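Chains A, W and X are the protein sequences, given in the same order. Numbering-wise, the first sequence is residues 58 to 315 according to the working numbering. Numbering-wise, the second sequence is residues 85 to 180 according to the working numbering. Numbering-wise, the third sequence is residues 2 to 327 according to the working numbering.
Simulated from the structure, these hints should not be mistaken for lab results. Fair warning: there could be bad hints in the mix.
[As the list claims (entries may be wrong)] Only pairs whose alpha carbons sit at most 27 Å apart, straight line, appear in this in silico DSS-like list of lysine-lysine:
| id | chain 1 | residue 1 | chain 2 | residue 2 |
| --- | --- | --- | --- | --- |
| 1 | A | K251 | A | K195 |
| 2 | X | K284 | X | K172 |
| 3 | X | K231 | X | K243 |
| 4 | W | K153 | W | K163 |
| 5 | X | K284 | X | K243 |
| 6 | W | K153 | X | K231 |
| 7 | X | K122 | X | K303 |
| 8 | X | K122 | X | K231 |
| 9 | W | K118 | A | K195 |
| 10 | W | K153 | A | K195 |
| 11 | X | K231 | W | K118 |
| 12 | W | K118 | W | K107 |
| 13 | X | K284 | X | K122 |
| 14 | W | K118 | A | K192 |
| 15 | W | K107 | X | K172 |
| 16 | X | K243 | X | K122 |
| 17 | A | K192 | A | K251 |
| 18 | X | K303 | X | K231 |
All figures in this text were calculated on a predicted structure; none of them were measured in a lab.
One-letter residues, chain by chain:
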Amino acid sequence: MTARSLIIEETPLVLYCLRRADDALILGHRLSEWCGHGPTLEEDMALSNMGLDLLGQARSLYSYAADVEGRGATEDGYAYLREERQYRNLLLAEQPNGDFAQTIARQFFYAAFADLFWRAMTSSADDTLAAIACKSEKEMAYHLRHSAEWVIRLGDGTGESHARMQAAVAAMWSFTGEMFAMDDAERELIEQGKAIDLGPLRDGWRATVSDVLRTATLDMPASSWMQQGGRAGRHGEYLGHILAELQHLQRSYPGAAW
Amino acid sequence: MMENKMMPLWEVFIRSRNGLAHKHVGSLHATDSKMAVQAARDVYTRRGEGLSIWVVPSAAIVASDPSDKAMMFEPAESKVYRHPTFYEVPDEIGHM
Amino acid sequence: MYTQALNATDSQIQPVEDMSQAAAFQARIDAEERIEANDWMPETYRRTLARQISQHAHSEIVGMLPEGNWITRAPSLRRKAALLAKVQDECGHGLYLYAAAETLGISREQFFGQLLSGNAKYSSIFNYPATTWADIGAIGWLVDGAAIMNQIPLCRCSYGPYARAMIRVCKEESFHQRQGFEIMVTLSRGTGEQKAMAQDALNRWWWPCLMMFGPPDTVSEHSDASMAWKIKRFSNDELRQKFVDATVPQAQHLGLMLPDPDLRFDEASGHWLYGEIDWNEFKQVLAGNGPCNRDRLAARRKAHAEGAWVRDAAAAHALKQMRAAV
Chain A
58 MTARSLIIEE
68 TPLVLYCLRR
78 ADDALILGHR
88 LSEWCGHGPT
98 LEEDMALSNM
108 GLDLLGQARS
118 LYSYAADVEG
128 RGATEDGYAY
138 LREERQYRNL
148 LLAEQPNGDF
158 AQTIARQFFY
168 AAFADLFWRA
178 MTSSADDTLA
188 AIACKSEKEM
198 AYHLRHSAEW
208 VIRLGDGTGE
218 SHARMQAAVA
228 AMWSFTGEMF
238 AMDDAERELI
248 EQGKAIDLGP
258 LRDGWRATVS
268 DVLRTATLDM
278 PASSWMQQGG
288 RAGRHGEYLG
298 HILAELQHLQ
308 RSYPGAAW
Chain W
85 MMENKMMPLW
95 EVFIRSRNGL
105 AHKHVGSLHA
115 TDSKMAVQAA
125 RDVYTRRGEG
135 LSIWVVPSAA
145 IVASDPSDKA
155 MMFEPAESKV
165 YRHPTFYEVP
175 DEIGHM
Chain X
2 MYTQALNATD
12 SQIQPVEDMS
22 QAAAFQARID
32 AEERIEANDW
42 MPETYRRTLA
52 RQISQHAHSE
62 IVGMLPEGNW
72 ITRAPSLRRK
82 AALLAKVQDE
92 CGHGLYLYAA
102 AETLGISREQ
112 FFGQLLSGNA
122 KYSSIFNYPA
132 TTWADIGAIG
142 WLVDGAAIMN
152 QIPLCRCSYG
162 PYARAMIRVC
172 KEESFHQRQG
182 FEIMVTLSRG
192 TGEQKAMAQD
202 ALNRWWWPCL
212 MMFGPPDTVS
222 EHSDASMAWK
232 IKRFSNDELR
242 QKFVDATVPQ
252 AQHLGLMLPD
262 PDLRFDEASG
272 HWLYGEIDWN
282 EFKQVLAGNG
292 PCNRDRLAAR
302 RKAHAEGAWV
312 RDAAAAHALK
322 QMRAAV
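Whole structure, please, built from the sequences with the hints as guidance.
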């Protein structure tokens, strides 16, 4: 016997919350995998702090989605009882930790986006989202600063670190386009002033990324092909493994409280 | 040993509230001052302990020699006239 | 988390030191004065402390591994956040403790070297596997409970940097045992399967937790000097008894059975008397033959080795910046 998966009424606002919550949960989950294995004790602490920030963001967003959906769902229901195809996170978030350079590239690309995103969302017409944005914006500003400092150190550091950082930037690059993608559901919310238009964020993101990469003596990838699918529940092979671990107990002992 | 020199020790001072002085809270290792400030934030302010951080390379701290303790500090102990309780003021004057 | 089991006094070599200095030092200790890093101290005091504090630090860092094993599988987001924050705290505690040990003139890198080469010891408890979610409850409740018994007296340790680190550790750890006990409460009031999971975890962790306090006083040869120096303020058996007395009513509250048929309350002494501890098992685990000794060291070695290029890169960047600034 396994626990039944949740059936969700994905109104535009519920979907919007779940997408951002899933980004935060899955990326936070990835960061939590570092705990106890970081390159220094100091960085072990930093990675867990970022993971906890993201986990907190995910919980606020799931709780709000549950309120909006109004069918008795809970944060844990969304996290533990949805199938892989129901997860809406960016493909970027589910990419494996790889070496420390890959973790940093993933964090840097995401934070450079999320920092702008949440800052813009502080003026959302939806009060709850605006409040979540106020908190998240500060957290992501720090993630951006911290990860950018590492991009610079790894890019500029040694021959080996430069090569690893450049490879990590290249590996993560094709997952960055999806951050700016919008569909009809989001456009509806944008018209209501609840969501923000992601198009104008692109230039700011590019400027931050190119500044930091230049300081780090790294090349901006030339490739323009971008992977997509996470927002619609089409994931790579990694997410299934994440969920197999994450959902193990809830699936194995249906209905139990923990 | 090589690595030790390259990842020096820093002393961390935190101001817990405006109006209070920075207080020594501990140490950490970092390669440079920016990373030291960030590490201090991540290590020593996880429970809202601070509003401001100072980091100082441990090697930059000059300390008095403990064996000079008598010479350095005991002479001050006999200067009782520096303290308000040394002086007598009539009770009816009250607090002064 | 703490390892009193290992705080062996380094007493092989007694260097010839100025006897009046040693007497003055002991007088300061007896007067409850704190010793600070630059103060004169007997070499054996310094070595004993360096060993004890670094073993304590190693225990925190290795102690991240069994619980870290469940971070990605925590059964609710609330539990996941609490567990991640707790294991992160252990990293912080290791960090504070290495820093305290470094004041004795040995670098963190050297202490790491001792751990990774297998020459340093850490608490025996972390060589047991955390195989079910209930183990996370049992570790928080029992292992952290035992640790608190050990750590609170250390806040008054004669060595200032160690005592200050311990004050910070104890303050932060206050939530650790509570989160563990809360997990045990939830499981023991849950389904039959959950209750069985909780009982099984208790069965496996109880005896190793009693061993955490170290050999019985009758055979513990190292306590005297540490007691005289006020590095240690209670004997192994005293602390073990305190732990048992505190834990029995908690187990009763949970409706779980402690796996000791000889456990009984002694009216005369007011203590819970416990059965024979298998000291051979303890010795085997300390000797490297616990179920997870190899895995724990391998995990630490892997993290250290895989982080080397990162540390090198940061150092190289700092050097370039310094040269550019000149």
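Each hint, compared with the structure:
Among the hinted pairs, K251 (chain A) with K195 (chain A) is consistent with the structure: their alpha-carbon atoms are about 20 Å apart, no more than 27 Å. Annotation: proposed proximity of K284 (chain X) to K172 (chain X) is violated, straight-line Cα distance about 32 Å (limit 27 Å). Proposed proximity of K231 (chain X) and K243 (chain X) is supported: the alpha carbons are some 19 Å apart, at most 27 Å. At most 27 Å may separate the alpha-carbon atoms for a hinted pair to count; K153 (chain W) and K163 (chain W) meet this at roughly 17 Å.
Between K284 (chain X) and K243 (chain X) the CA atoms are separated by roughly 23 Å; this keeps the pair inside 27 Å, and the hint holds. Distance check on the hinted pair: K153 (chain W) and K231 (chain X) sit about 23 Å apart at the alpha-carbon level, within 27 Å; holds. At most 27 Å may separate the alpha-carbon atoms for a hinted pair to count; K122 (chain X) and K303 (chain X) meet this at roughly 18 Å. Distance hint between K122 (chain X) and K231 (chain X) is fulfilled; the C-alpha atoms sit about 22 Å from each other, no more than 27 Å.
Under the criterion of a C-alpha separation no larger than 27 Å, the hint pairing K118 (chain W) with K195 (chain A) is consistent with the structure, at around 18 Å. Between K153 (chain W) and K195 (chain A) the CA atoms are separated by roughly 47 Å; this puts the pair beyond 27 Å, and the hint is violated. Restraint check: the Cα-Cα separation between K231 (chain X) and K118 (chain W) comes to about 39 Å, which exceeds 27 Å; the hinted pair is violated. With a C-alpha separation of about 20 Å, the suggested pair K118 (chain W) and K107 (chain W) falls inside the 27 Å cut-off, and the hint holds.
Between K284 (chain X) and K122 (chain X), the direct Cα distance comes to roughly 12 Å. Compliance with the 27 Å bound is thereby established for this hinted pair. A threshold of 27 Å between alpha carbons decides the hint, and for K118 (chain W) with K192 (chain A) the separation of about 24 Å falls inside it, so the pair holds. Under the criterion of a C-alpha separation no larger than 27 Å, the hint pairing K107 (chain W) with K172 (chain X) is consistent with the structure, at around 17 Å. Simply put, K243 (chain X) and K122 (chain X) have alpha-carbon atoms about 25 Å apart, close enough for the 27 Å limit, and the pair holds.
In summary, the hint linking K192 (chain A) to K251 (chain A) is supported, as the alpha carbons are separated by about 17 Å, within the 27 Å threshold. Only pairs whose Cα atoms come within 27 Å are accepted, and K303 (chain X) paired with K231 (chain X) is rejected, the gap being roughly 37 Å.
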